[in-house]
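K.L.:
Position 122, counted from 1, in the sequence shown is what our numbering calls 122; the numbers after and before it change by one each time, with no gaps.
The hints are simulated quantities; they were obtained by calculation from the structure and are not laboratory data. Note that the coordinates shown come from a computational prediction; the quantities given were computed from them, not determined experimentally. One should not assume that every hint holds.
Now the in silico label distances, taken between C-beta atoms and shown as ranges [to be verified]:
#1 Ser208 <-> Gly101: 34 to 44 Å
#2 Ser182 <-> Val31: 47 to 57 Å
#3 Phe218 <-> Gly190: 33 to 43 Å
#4 Thr26 <-> Gly190: 45 to 55 Å
#5 Thr154 <-> Lys57: 51 to 61 Å
#6 Met201 <-> Arg103: 45 to 55 Å
#7 Phe16 <-> Val114: 10 to 20 Å
#8 Glu61 <-> Ile157: 47 to 57 Å
#9 Val34 <-> Val114: 42 to 52 Å
#10 Thr154 <-> Ala187: 36 to 46 Å
#11 Thr154 <-> Gly19: 22 to 32 Å
Positions of the beta carbon are idealized from the N, C-alpha and C atoms, including for glycine.
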Amino acid sequence: GRLIGPALSGFLIYQFGTGPSFLLNTATYVVMVVTLSVIRDKDLHISSKPNRENKLKEAFEYVLKRPDLLLVMLTVFFTTTFGLNFQIFIALMSTNEFGMGSREFGVLGSVLAVGSLTGALVAARLEQHRNTRNVMLGASLFGALLMASAYLPTYWIYGLFLPILGATVLLTLISANTYVQSNTDNAIRGRVMGIYLLIFMGGTPIGSPLIGLAASAFGIRATILICGLIVLSAALVLRSVFRDSVTRSIPSPR
């Protein structure tokens with residue numbers, strides 16, 4: 001959602017303008033509220049009811065005892081916190097570097113969406129390759145590509161490059177999500193995925209302000225370069241630290 005959402009917003013801005021796009025986004029929250037309100041509690045089945053005070057603690061202890069899950073989650077944290085900020089990268093590259101307006105920004109969002117959707121389709125065919133090794137490889141490749149995007153000279157070349165970025169990061173994140181779900185015990189999977197979601201989304205309040213400050217101080221190209229370097233370095237360091245947890249294949253879910 002953090003990748004496809006900004007991309008679709010670019011398409012909406014291009015088609016309808018900024019104001020109507022905000023109104024359409026507001027309408028989506030109505031859909032979510034209605035959906036949540038019609039959920040029937042009696043249809044929700046809980047296999048076990050652990051002590052509420054120990055539920056979260058148990059989940060954290062489980063993750064800490066599983067270096068493979070910890071490796072994937074830390075990789076996702078650095079990738080999403082510093083790399084998954086296309087709404088900032090695209091906007092500033094389009095306006096500050098290439099001198100374009102909102103419609104051209106919308107086009108960039110649309111081509112990013114094309115790459116993201118392509119990545120999702122490809123990921124569906126790579127189920128047997130979703131393992132820690134490929135998560136690390138994908139994060140490293142994304143970091144390197146993000147660094148390369150900082151040097152692209154023109155609007156059109158940048159636009160042609162965005163689908164590659166979108167496909168790469170989406171493939172990486174889908175692999176990470178699938179690995180965590182497929183390799184977690186059923187009894188604790190929901191809580192572990194809650195931690196995963198916290199890591200996935202929780203970096204935004206940290207990364208976005210830092211990226212904004214860096215862009216103001218050093219410019220957007222230098223900021224993108226630094227963000228890509230952080231993602232790449234984190235992937236390489238984590239791969240080295242958790243070397244024994246980097247596998248070529250995952251065990252089949254039972």
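K.L.:
Now tell me, hint by hint, if it's right for this structure.
P.N.:
Going through the hints against the structure:
Under the hint 34 to 44 Å, the C-beta atoms of Ser208 and Gly101, about 23 Å apart, miss the expected range. At roughly 30 Å, the beta-carbon separation of Ser182 and Val31 lies outside the given 47 to 57 Å, and the hint is violated. For Phe218 and Gly190, the Cβ-Cβ distance of about 42 Å falls inside the hinted range of 33 to 43 Å, so the restraint holds. For Thr26 paired with Gly190, a C-beta distance near 30 Å fails the hint of 45 to 55 Å.
The given range of 51 to 61 Å is respected by Thr154 and Lys57, whose C-beta atoms sit roughly 53 Å from each other. As the Cβ distance of Met201 to Arg103 is approximately 30 Å, the hint placing it in 45 to 55 Å is violated. A hinted range of 10 to 20 Å for the beta carbons of Phe16 and Val114 is consistent with their spacing of about 19 Å. Taking the beta carbon of each, Glu61 and Ile157 are about 48 Å apart, inside 47 to 57 Å as hinted.
For the pair Val34 and Val114, the beta carbons lie near 30 Å from each other, so the given range of 42 to 52 Å is not met. For the hinted restraint 36 to 46 Å between Thr154 and Ala187, the CB-CB distance of approximately 54 Å leaves it violated. Between Thr154 and Gly19 the C-beta distance comes to about 30 Å, which sits within the given range of 22 to 32 Å.
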